[in-house]
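**Student:** With the hints as constraints, model all of the structure from the sequences given.
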Amino acid sequence: MAERSDLIELVTEDVNLVEMVESKTPGDARLAMCIQCGTCGGSCPSGPDMDHTPRQIFAMLRAGFRNDVLKSNAPWYCVSCYLCTVRCPQEIRITDLMYTLKRMSVEAGLYEDSTAPDLSGTFMDYVERYGRSFEFGLATRHNIRHRPLSVPGMAPLGLGMLTKGRMDLTPHHIEGVDQLRAILQRAKQLEAVQ
Amino acid sequence: MKTLFYPGCSMQRSARPYLDSLYAIQEDLDLELEEVEDWNCCGATEYMSISRLPAFSLIGRNLALAQQQVNGDASLLAACSACYLNLAKTDHYMLEDTVLGQDINTALEAGGLHYDPGSIEVRHLLDVIMNDIGMDRIAELVTHPLSGLRVAAYYGCMIVRPDLDQRWDDPEYPSGLESLMSTLGAEAIDFPLKTHCCGGHMTQISPPTAFELIRRLVHGAAQYEADVLVTVCPMCQLNLDAYQVEMNKHFRTDYEIPILFVTQLMGLAFGKDPEELGLGREFIDSGPALEKIGVETSDESGEPRKKRKKEEGLPMPPMVGGVR
Amino acid sequence: MSTENGRKENGRERIGVYVCHCGTNIAGVVDVKEVARWSKEQLGHRGVVIARDDKFMCSSLGQELIEHDIKKEGLTRVVVAACSPHLHEKTFRTACSRAGLNPYLCELTSIREQVSWVTSDKKVATEKSKAMISGAVERVRYHEPLDPLKVPINESTLIVGGGIAGIQSALEIANAGHPVYIVEREPSIGGHMAQFDKTFPTLDCAACILTPRMSEVGTHPNIHMLTWSEVEQVDGYVGNFTVTIRQKARYINTDDCTGCGICVEKCPKKVIDSEFEVGIGYRKAVYTPFAQAVPKYPVIDDENCIYFEKGTCKACEKFCPTNAIDFEQEDELITLEVGNIVLATGFDLFDARRIPQYGYGRLANVFTSLEFERMANAAGPTEGAIVMRDGHTVPESVGIVHCVGSRDRNYNNYCSSICCMQSLKFAHLVSERTGAQVYNFYIDIRTPGKDFDEFYQRVLEEETLFVRGKVAEVTDATRLPGEEGKLIVQVEDTLAGKQRRIPVDMVILSAGLEPRRDADDVARQFGISCSSAGWFTEKHPKLDPVATMTEGVFIAGCVSGPKDIPASVAQGSAAAARVVSYIEQGELSLEPVRASIEEAMCSGCRICNDLCPYNAIDFDEQLMVSEINSALCQGCGTCVAACPAGAISGTGFSDAQVLAQIEGLLMLNLEEPAVMAEPV
Chain A
1 MAERSDLIEL VTEDVNLVEM VESKTPGDAR LAMCIQCGTC GGSCPSGPDM DHTPRQIFAM
61 LRAGFRNDVL KSNAPWYCVS CYLCTVRCPQ EIRITDLMYT LKRMSVEAGL YEDSTAPDLS
121 GTFMDYVERY GRSFEFGLAT RHNIRHRPLS VPGMAPLGLG MLTKGRMDLT PHHIEGVDQL
181 RAILQRAKQL EAVQ
Chain B
1 MKTLFYPGCS MQRSARPYLD SLYAIQEDLD LELEEVEDWN CCGATEYMSI SRLPAFSLIG
61 RNLALAQQQV NGDASLLAAC SACYLNLAKT DHYMLEDTVL GQDINTALEA GGLHYDPGSI
121 EVRHLLDVIM NDIGMDRIAE LVTHPLSGLR VAAYYGCMIV RPDLDQRWDD PEYPSGLESL
181 MSTLGAEAID FPLKTHCCGG HMTQISPPTA FELIRRLVHG AAQYEADVLV TVCPMCQLNL
241 DAYQVEMNKH FRTDYEIPIL FVTQLMGLAF GKDPEELGLG REFIDSGPAL EKIGVETSDE
301 SGEPRKKRKK EEGLPMPPMV GGVR
Chain C
1 MSTENGRKEN GRERIGVYVC HCGTNIAGVV DVKEVARWSK EQLGHRGVVI ARDDKFMCSS
61 LGQELIEHDI KKEGLTRVVV AACSPHLHEK TFRTACSRAG LNPYLCELTS IREQVSWVTS
121 DKKVATEKSK AMISGAVERV RYHEPLDPLK VPINESTLIV GGGIAGIQSA LEIANAGHPV
181 YIVEREPSIG GHMAQFDKTF PTLDCAACIL TPRMSEVGTH PNIHMLTWSE VEQVDGYVGN
241 FTVTIRQKAR YINTDDCTGC GICVEKCPKK VIDSEFEVGI GYRKAVYTPF AQAVPKYPVI
301 DDENCIYFEK GTCKACEKFC PTNAIDFEQE DELITLEVGN IVLATGFDLF DARRIPQYGY
361 GRLANVFTSL EFERMANAAG PTEGAIVMRD GHTVPESVGI VHCVGSRDRN YNNYCSSICC
421 MQSLKFAHLV SERTGAQVYN FYIDIRTPGK DFDEFYQRVL EEETLFVRGK VAEVTDATRL
481 PGEEGKLIVQ VEDTLAGKQR RIPVDMVILS AGLEPRRDAD DVARQFGISC SSAGWFTEKH
541 PKLDPVATMT EGVFIAGCVS GPKDIPASVA QGSAAAARVV SYIEQGELSL EPVRASIEEA
601 MCSGCRICND LCPYNAIDFD EQLMVSEINS ALCQGCGTCV AACPAGAISG TGFSDAQVLA
661 QIEGLLMLNL EEPAVMAEPV
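Sequences listed follow chains A, B and C, in order.
Following the numbering used here, the numbering of the first sequence begins with 1 at its first residue and continues without gaps.
Following the numbering used here, the numbering of the second sequence begins with 1 at its first residue and continues without gaps.
Following the numbering used here, the numbering of the third sequence begins with 1 at its first residue and continues without gaps.
Worth double-checking, as some hints may not be accurate.
Unchecked claim - Covered, in the sense of this in silico footprint (three residues per stretch, anywhere, with C-beta under 8 Å from a C-beta of chain B), are these stretches of chain A:
id: 1; stretch: 30–43
id: 2; stretch: 75–88
id: 3; stretch: 97–108
id: 4; stretch: 166–179
id: 5; stretch: 187–193
To be verified - No more than 35 Å apart at the CA atoms, straight line, and that leaves these computed lysine-lysine pairs for DSBU-like:
id: 6; chain 1: C; residue 1: Lys-198; chain 2: C; residue 2: Lys-123
id: 7; chain 1: C; residue 1: Lys-314; chain 2: C; residue 2: Lys-270
id: 8; chain 1: C; residue 1: Lys-90; chain 2: C; residue 2: Lys-122
id: 9; chain 1: C; residue 1: Lys-310; chain 2: C; residue 2: Lys-248
id: 10; chain 1: C; residue 1: Lys-33; chain 2: C; residue 2: Lys-55
id: 11; chain 1: C; residue 1: Lys-318; chain 2: C; residue 2: Lys-248
id: 12; chain 1: C; residue 1: Lys-128; chain 2: C; residue 2: Lys-539
id: 13; chain 1: C; residue 1: Lys-498; chain 2: A; residue 2: Lys-71
id: 14; chain 1: A; residue 1: Lys-71; chain 2: B; residue 2: Lys-272
id: 15; chain 1: C; residue 1: Lys-72; chain 2: C; residue 2: Lys-150
id: 16; chain 1: B; residue 1: Lys-249; chain 2: C; residue 2: Lys-486
id: 17; chain 1: C; residue 1: Lys-198; chain 2: C; residue 2: Lys-296
id: 18; chain 1: C; residue 1: Lys-498; chain 2: B; residue 2: Lys-249
id: 19; chain 1: C; residue 1: Lys-198; chain 2: C; residue 2: Lys-486
id: 20; chain 1: B; residue 1: Lys-249; chain 2: A; residue 2: Lys-164
id: 21; chain 1: C; residue 1: Lys-498; chain 2: C; residue 2: Lys-542
id: 22; chain 1: C; residue 1: Lys-318; chain 2: C; residue 2: Lys-269
id: 23; chain 1: C; residue 1: Lys-498; chain 2: C; residue 2: Lys-55
id: 24; chain 1: C; residue 1: Lys-122; chain 2: C; residue 2: Lys-150
id: 25; chain 1: C; residue 1: Lys-128; chain 2: C; residue 2: Lys-55
id: 26; chain 1: A; residue 1: Lys-71; chain 2: B; residue 2: Lys-249
id: 27; chain 1: C; residue 1: Lys-128; chain 2: C; residue 2: Lys-150
id: 28; chain 1: C; residue 1: Lys-498; chain 2: A; residue 2: Lys-24
id: 29; chain 1: A; residue 1: Lys-164; chain 2: B; residue 2: Lys-292
id: 30; chain 1: B; residue 1: Lys-292; chain 2: C; residue 2: Lys-486
id: 31; chain 1: C; residue 1: Lys-498; chain 2: C; residue 2: Lys-486
id: 32; chain 1: A; residue 1: Lys-188; chain 2: B; residue 2: Lys-272
id: 33; chain 1: C; residue 1: Lys-539; chain 2: C; residue 2: Lys-450
id: 34; chain 1: C; residue 1: Lys-270; chain 2: C; residue 2: Lys-310
The set of hints was computed from the structure by calculation and includes no laboratory data.
Yeah, the Cβ is synthetic: ideal placement off N, Cα and C, and Gly gets one too.
**Tutor:** As structure tokens, then:
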């Protein structure tokens, strides 16, 4: 029988979940100010595809349901359009909190669908390697891995991009790749200790 | 106006027509664009999803390089909305959150770089066109007004949101692009979905979600009888154009709304050669729509397009600015 | 000068020090017994003859202690170390008066707000209390006996604003037998209430309950109405205000006009009525705002009148049976002398165009609350029919949006108090008159008043559907089949946990209440303050809601914040009661803590003249010196500090007093015995 997550929550350490999430978000996130009005959930373009609306995610965070939050697909379906942030009557930095939840979700590894985290990971591999993104590489690697059966169907699109001069088959390098890597390395070190 | 320029990865390739058309009209606009040397990818929405400090530092390198390169006005122009937002957001947060700012500089120092937050003004191309170049100058440059072309002005989300201190147009219902379209002679229709998201990278994560978002916009453009939808962002153009075909397949619809860049329409109005502007490289052919320029539009039966009904009955409240 | 009783030994004052425990508020942190003991011992040679401590100095027993000592010990000065003077200064001063000591010879020092409530270290707190008392003891020796200023009160009252609060105030004062002037900006009194259809929760017809009051005001022998008028200037002080009022030209001679309305009928120029009809109806260039207008005289809108524009027409003049039209009429400036002023200028509605995602102004069938009131009103542009913007289609579904521009940091942070009830009222009216399906979109349902929640129950019974969610968007961009031609309300139904798109024919926005657009200017004109939102500030939010910090200026109704009709009426009456009490007293005592100028020392530089925030300083051209009007002076001390010659001193805040207090705080002269205080 599956474990009851609410009982587990009572036992875990996450009374300060709100504080923790806020501390990992730049600026003053104001998560504690939420009055659960639902403007965010009502505005979200991808809301209907989320298993929990943004508002529900915040209710769960304040209740300390860490696992439920990190298992949710909501942060990954956030398209970062900032409509919720601009409309929120309590000026909560919702989108930036979603980015934090994405990062926490990657760390926790509880979210079962790896499509989105993998996309970001693959994208960043190329950037760290070349200093620029590499669309062709990204699209092929990602789709072969996650949607192999749809790859043939994507051929017209890919071909179209190539013939219209809108895609390169090889990546572009920047000169200062080493410099970039040094910077990123240092940043990762710093982040690890925070 | 001399300014540093950050093209971003998409403009280099997937949105090459945007870059080409911008260069084509650069001189007319008295815009001297100096590309930031050896700029790197801004990370789009990807790096921010898996790391915080590295993501900001990635963007920070570009700001630091720009600061070094400045001679004259310390402004950095970006035409891609995501790049623009990333650069502006990083600068803003470095100022607001001093600990974050210090950390970013610590990371930059490992590469021998440093950035003083607030020393570069990040601007979007549309902002510069509206506020620095101005509609009067644009009007002077128009030799081939786009009369009769019904344009849905589509901003996308990241150009106007979040409303950091750099709010140069309304985050919910901006009107700059419509003014520009009117100045070019086109008919700017009041498109309420103008800042609704195109789906961004959802095309790779959950295509049905992305297709729905694309469908809403394309359907909206059709509902408001737009001939063309104009964009200011490479991602928006890619999603709405290249994926319009995929979206049609998914929903078994047959929308055909061409999606063009603002600089392409500007170039046409300035009398530039369409090929120079990268026209013809869209997935949804803009040819039929553009043939209507200068010609009274009519539907297939030869009847004049019916005008939108004038409101009868109780008077409407007066509008302040904006498009009615 | 009142008598100083008591014996003076060796030229020293006889000072009593009283240290209050205030339960554990002070005693929990400060060692009050030690402080009292120290005061007697260490300050004995500075004049302290007795020092006591008590659990609650402000209690009757505590006060009696002081009174007893004054009489028995022959005290000439009293120092009370307790709470802030804001609370009990009056209490202790009165106690002194009762014992025959001039009340201004009593000094309070706050060892609660300034010591025990802000210091955690007990030793430090105790030492600080000693220093505070030492300072007070030094200071009080320089106090002088003072008498309060008495100013006469003019019997007339000015009421600014002819809405329900102003009307209520006017009637109460007039019925008490005193003359009242009521100034109203619009051509008729009545205010916003005259625009409403029904009032909650009783569903009384607003006009039916309002117009009898309006009539009473119009015919009352003690009330003089000045409509189509605005206050230009206010001078003076409580009991003696001089007010200049601009009565705008009606271009109609009210002595001759019978209110027959023929001019209105014949006028060819139709204009959108953006005031009373909130822009959804029309009026003529010559008009009365509504049928039951008081007074009945129309006005000519010179910005839209054909005669004023082109010099032609004059249809009204041609047809007027009593020749009452006078195009040459000019604005009149009227000067009034009044004793008190009641500000009851009401509110403005939040401009819903500021929220573009709700579509107001762009989408035809989105209405604001006031527009809907006019529509629902039987005397309105649709004669009470609830229809869409086309003027005839009856809606089959209506969405009512709560909290538009309220409870929102992007617009107004506060709750506008009346919109939940108003929205429920709308739901009821729509249901009843059209049978349409009604949806109310809310964050919370706020129904605190009498019979309010019962009204909510009633609306629930009428099968209005309530969706808990703040509306994200109202749009006509379709997404799903069945949405064509409708307005879509997109919202997260937070209770069901899903985003919903609900198609309706019409949307009503319950827009919030805001201060009047010119509230800042009006506040400045009357010398009162407003909050950052623009609401006028009451003297005390709990205990004095109708007075302001400016004596003689009162506020009533929505000027101080959103409220419903019963609350506005209650405040109108309350303000009237205060005014009548002043009038009945005939004379008012003002605090004698004032500034005064030593004529011999004044060099006539006039620096103080412009600095005074109360315009209390005039310049005497003959004597070439400045002089202070004691009644206007509030004793703020600005001029005292600014005078380069040191010619101005404040009674109760003289240089000698302040410097002595500083020396006392620093405990500089503890060893030396005090001598008789030098005359100031």
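**Student:** List in ascending order the numbers of the hints, as given earlier, that are violated by the structure.
**Tutor:** 1, 6, 14, 21, 23, 24, 27, 32
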